[in-house]
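Each residue of the sequence shown is one higher than the last, beginning at 37 in my numbering.
If you're looking for bench data, these hints aren't it; they were derived computationally from the structure. There's no promise every hint is true.
Simulated restraints, written as ranges between beta carbons of each label pair [unchecked claim]:
#, residue 1, residue 2, range
1, 80, 141, 15 to 21 Å
2, 164, 142, 30 to 36 Å
3, 167, 100, 38 to 44 Å
4, 86, 134, 20 to 26 Å
5, 79, 39, 34 to 40 Å
6, 148, 79, 25 to 31 Å
7, 127, 39, 46 to 52 Å
8, 182, 67, 34 to 40 Å
9, 158, 178, 22 to 28 Å
10, 40, 83, 21 to 27 Å
11, 165, 72, 35 to 41 Å
12, 76, 112, 33 to 39 Å
The beta carbon of each residue, even a glycine, is placed where N, CA and C say it ideally should be.
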Amino acid sequence: MSILRNDLQVALNNLHVALITSDEDYRDAAEFVSNSAVKELFMQLAESRQILEKSVAVAIRASDDLPSVPDPDRQTGQHLLQRLEAAFSADQTIEVIDQRLAEESQLEQLLNDSEMSVIDKEFPSLRSECLANIKEAKEKLERAKSA
């Protein structure tokens with residue numbers, strides 16, 4: 037293992053951290069919302085992210101690197117801000133769903149970034165799996181929002 041990461045290792049680690057963050061954000065949101073159907077949806081989406089996290093972690097190790105993790109202090113601060121925003125909104129559940137939709141769009145943007153294309157050479161299906169997961173999550177969130 038080298039001290040300096042190559043482009044593939046950087047891309048994989050950025051993706052890994054983003055997936056862990058998404059997983060943790062869904063779990064945190066599930067604890068916050070009172071709507072049981074939305075709570076269950078958030079837990080399902082967290083589980084699907086956890087599966088992707090594991091796939092990316094395997095890819096990172098295959099690229100001769102070790103997976104990174106998100107900054108726990110930053111995560112705690114973000115969770116607090118998201119809860120405050122939701123608490124002051126007219127409909128807390130809709131606000132939390134909107135927050136999750138925004139995060140899905142950010143994750144999608146990360147995956148579509150040209151710097152992530154390096155992943156396709158070594159792991160051709162990884163980005164497409166992640167993008168399909170994001171598309172499915174967005175559809176489920178939109179349905180929950182309109183329910």
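Hint check:
A hinted range of 15 to 21 Å for the beta carbons of residue 80 and residue 141 is consistent with their spacing of about 19 Å. About 18 Å separates the C-beta atoms of residue 164 and residue 142, a value inconsistent with the hinted range of 30 to 36 Å. Judged by the Cβ atoms, the range 38 to 44 Å given for residue 167 and residue 100 is violated: they are separated by roughly 26 Å. One distance hint, 20 to 26 Å for the beta-carbon pair residue 86 and residue 134, holds here, with the actual separation near 23 Å.
Here the CB-CB span from residue 79 to residue 39 is close to 38 Å, well matched to the stated 34 to 40 Å. The beta-carbon spacing between residue 148 and residue 79, approximately 27 Å, falls within the hinted interval of 25 to 31 Å. In this structure the supplied range 46 to 52 Å holds for residue 127 paired with residue 39, their Cβ-Cβ distance being about 49 Å. For the pair residue 182 and residue 67, the beta carbons lie near 23 Å from each other, so the given range of 34 to 40 Å is not met.
The hinted window of 22 to 28 Å between residue 158 and residue 178 is violated, with their beta carbons roughly 33 Å apart. In this structure, residue 40 and residue 83 break the distance hint of 21 to 27 Å, their C-beta atoms being roughly 34 Å apart. The hinted window of 35 to 41 Å between residue 165 and residue 72 is violated, with their beta carbons roughly 29 Å apart. Taken as a hint, the range 33 to 39 Å is violated for the pair residue 76 and residue 112, whose Cβ atoms sit roughly 24 Å apart.
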